Amino acid sequence: MKRVLHFLQAMKAVMIRDILTFIRYKSWFVSIVIWPIVFPFTFLFLGKGLAGPSNEGVYNFAKLTGTTDFGSFIILGNLVWMFLNILMWDAGLSLNNLRRLGMLDTIWTFPAPKLSYIFGSTISSLILNFIPMIFSFIFFRIIKVLQFNAKPIDIFIYSLSILPFIIGFLLIFASLSLRSKEASLVVQAMRVLLSILCGLQLPLNVLPEFLQKIGIIIPITHYINCLRDSIILGVKLSDKLPSIYYMILSGFFILFTGIITFALVEKNAKSKGLISGY
Amino acid sequence: MEFVDEGSFNKLKQSSLRAFDYKNLIMIGVIEMDNIVEMNEKYCHKFYHFFLVAKASLKKNLLELIRYPANSIFVVLFPIFWTLPIYLLIYSFAPDGVSYGLYAYTGTKMFFSYYLIGMIGGLFIIQIFWGMGFSLKRLMDIGVLETIWSYPMNHVHFTIGESVYNLVETIYSEVASVLIVRYVFGFVLPF
Chain A
5 MKRVLHFLQA MKAVMIRDIL TFIRYKSWFV SIVIWPIVFP FTFLFLGKGL AGPSNEGVYN
65 FAKLTGTTDF GSFIILGNLV WMFLNILMWD AGLSLNNLRR LGMLDTIWTF PAPKLSYIFG
125 STISSLILNF IPMIFSFIFF RIIKVLQFNA KPIDIFIYSL SILPFIIGFL LIFASLSLRS
185 KEASLVVQAM RVLLSILCGL QLPLNVLPEF LQKIGIIIPI THYINCLRDS IILGVKLSDK
245 LPSIYYMILS GFFILFTGII TFALVEKNAK SKGLISGY
Chain B
106 MEFVDEGSFN KLKQSSLRAF DYKNLIMIGV IEMDNIVEMN EKYCHKFYHF FLVAKASLKK
166 NLLELIRYPA NSIFVVLFPI FWTLPIYLLI YSFAPDGVSY GLYAYTGTKM FFSYYLIGMI
226 GGLFIIQIFW GMGFSLKRLM DIGVLETIWS YPMNHVHFTI GESVYNLVET IYSEVASVLI
286 VRYVFGFVLP F
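As you go down the protein sequences, you meet chains A and B in turn. In short: position in the first sequence from 1, add 4, done, that's the working numbering. In short: position in the second sequence from 1, add 105, done, that's the working numbering.
Excised from the complex, chain B in its bound form (with noise of 0.2 Å):
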């Protein structure tokens, strides 16, 4: 009944028109409310909003990531550009990768597994905090923040979709990390 309002009903009923049309009328009415209904569970459910916005989120980035493409490189390189001058440093105090300084402190001499392990929780921290922590502090930089954020949307789930798509990169760029210091640096995997 909400959906036709009082005033129009009442009009109708004052007319002459036969019972069954009241009733035809209410019938699509109703019709129309599950619709509704139907439509609202369908694209305003918290999860699917969510998958949406996050999927909205990932395509602006890929698409992003398309267009530099050497950012593609970069996010490979990243950890390598990272680990490069710490690799050599441990070199210059054990070129073979046994240090009796780490087995004084640890009970362990290999200093490559050791520093590897740190490395991949390290290298996550660092991904986190640059590309989550500034994920919306980018999009203001390049002046898009603002057309964003008055999309209807919820900020959360944008804010948990670029998320996403940093936590997406970030395993790349570890695998490929880890991957490369075992064959090109020759460190021992731990595992």
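This is chain A alone, in the form it adopts within the complex (with noise of 0.2 Å):
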């Protein structure tokens, strides 16, 4: 219990520490606001210059999705898509942005459990950046691009059942980032192979068959498809719960990898001296 204390101790300073720093610098205000609302235009535009003033060119693209409404499907592609992004280069990179910074071998020298700073930065990044995102939708909601036929609480429960596999998976990021001293390439190769392989912003039948079932086993894929086909057409959750187990129980095996490689890597980077220098 002690321990479990100690442990949510360290992560609670670390939340902090990251909400002030995020606070601190007034920029906030363009990631909050400008930016979730202004970058999915782009795909947008595109998708609207590619179907046409009426539509006469959306044909292919309903017959890979099944639906002409291609600004909704864009749209929540592109804001999961950012949101992971934006989750990548903040809790992913926390370490090594520290290291960056050269404050990072004075944080691993406090009597902490390591892995707090993880849990620490990666759910501080989740509140951060979920609100920018609530904020988004509702203004493609309100400008009348975006359609809406889910239940919200169908939502919540999606987005529950993706939280141990992102959690995991930054965990595992965060501790390969810091066996690698340069590691934004690996952010830039990552957010385009999420982008592809999940379909995130594009439709994944465009794939060839084998990157499709590549891009399948992804729970990111089921969690996009579970938003899309709720949102869009207004599937109901019970037709969805093979997606919602599978993405639970991929969610918490990745979730402990992560927990066993942030260890290895842990006690690697302690006999290579990895933590100071950049």
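Simulated from the structure, these hints should not be mistaken for laboratory data. Note that the coordinates shown come from a computational prediction; the quantities given were computed from them, not determined experimentally. You may find that some hints are simply not true.
Calculated lysine-lysine pairs in the DSS-like style (CA-CA distance at most 30 Å, straight line) [claimed, not checked]:
(1) B/165 / B/151
(2) B/151 / B/214
(3) A/16 / B/242
(4) B/242 / A/30
(5) A/148 / B/214
(6) A/217 / A/240
(7) B/160 / B/242
(8) A/52 / A/148
(9) A/67 / B/151
(10) B/165 / A/276
(11) A/118 / B/242
(12) A/6 / A/274
(13) B/214 / A/52
Computed beta-carbon distance windows for the label pairs [stated by the list, open to error]:
(14) B/256 / A/16: 40 to 46 Å
(15) B/239 / A/12: 33 to 39 Å
(16) A/45 / B/284: 25 to 31 Å
(17) B/210 / A/138: 31 to 37 Å
(18) A/105 / B/265: 37 to 43 Å
(19) B/218 / A/267: 49 to 55 Å
(20) A/261 / B/225: 51 to 57 Å
(21) B/212 / A/138: 56 to 62 Å
Backbone N, C-alpha and C fix where the C-beta goes; we use that ideal spot for every residue, glycine too.
Dock the two chains into a complex; use the hints.
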């Protein structure tokens, strides 16, 4: 019990630190209000340009996705992609960012469980970045580009089901970024891979069959499919139960793998002296 | 005359030195002054100063690129990273690159060629904002801006020097990406 409290205390401290840093720099306004609204427009207008003024170019897209509502399809995918992208930069690279700022060795010597650093960063990042996504969602709903046929509780359950996977994934990511000193390239590669393999910014069916098979293994693909089916087509939660089970089971497996990976990398970093220096 | 201070000159004058020595001393002073003026012209001329600072900035950035070789690969891959999802989205609407939607708006069906021109301009803008706009912020983040800023140089020249490097990087990246979209993705070039 004492160990759990110790862990939670350190995690809380990291969360407060991250939130204070976020508030300290006023550019947060851009990331909260402007960026999530402006970014999806690039893809939305691209879709509009391809579809034409009276949807004359949408035939092939509808054949692949089962809907002619390319606006909702593109916006939902882009918002999820943006959310993951921000999480990777914030929480996934949290240790690497500390190293770049020359603070990692100081923080690392503090007698606290190191795992709590990543958990704290992940949770603060989840809280800080989920709010802009809601703003953006409401904005696109108001301008009537996005339709909403789902129950809000269904969306909440889908989002809760994907949470263990996201935390586990970020844990693995942060561990690996501790090993490699220049990790931004990995983020760049990872966000494109997720975008393509999970069908976030494009229909998954456009890919070759073997890539589709890889994509369907990733829980994020199930998550975005659940969101799109519910929000655009109004599919009920009960029809999506297999996807929910898959997201939860694979999520906990990834979370467990993440904890083990972190423990191994922590040991390795200590023996090789990877903490200090950039 | 400014080269020899007035006190020393008077001292010399009061001593019983010959007129030749005064002249000689003044001659030496004039020659020294000329050297200083020449040096000032050489090293403090704005253009030469800019050239020196820009060269140093270029060298610094190139050394950094060599130190982290993954970054040099990234410079080429960056446009591909951004283009690939867009290419696949276009493909989902118009598999052969022929878009009737675009035809209704612009009068041309060839989406890939149309998009490529916009892509080149867009990448330039992205690089300008991220590369040039954030060059000083990046130095601040890695804790070297203070040291560089305290160096006796023109800060505008240094910022322009950083921008010149980013411009070189952008051109390299653009050429590589145009070649890749032409020969890997099979885009038809509009030129």
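Contradicted hints - numbers only
2, 9, 18, 20, 21
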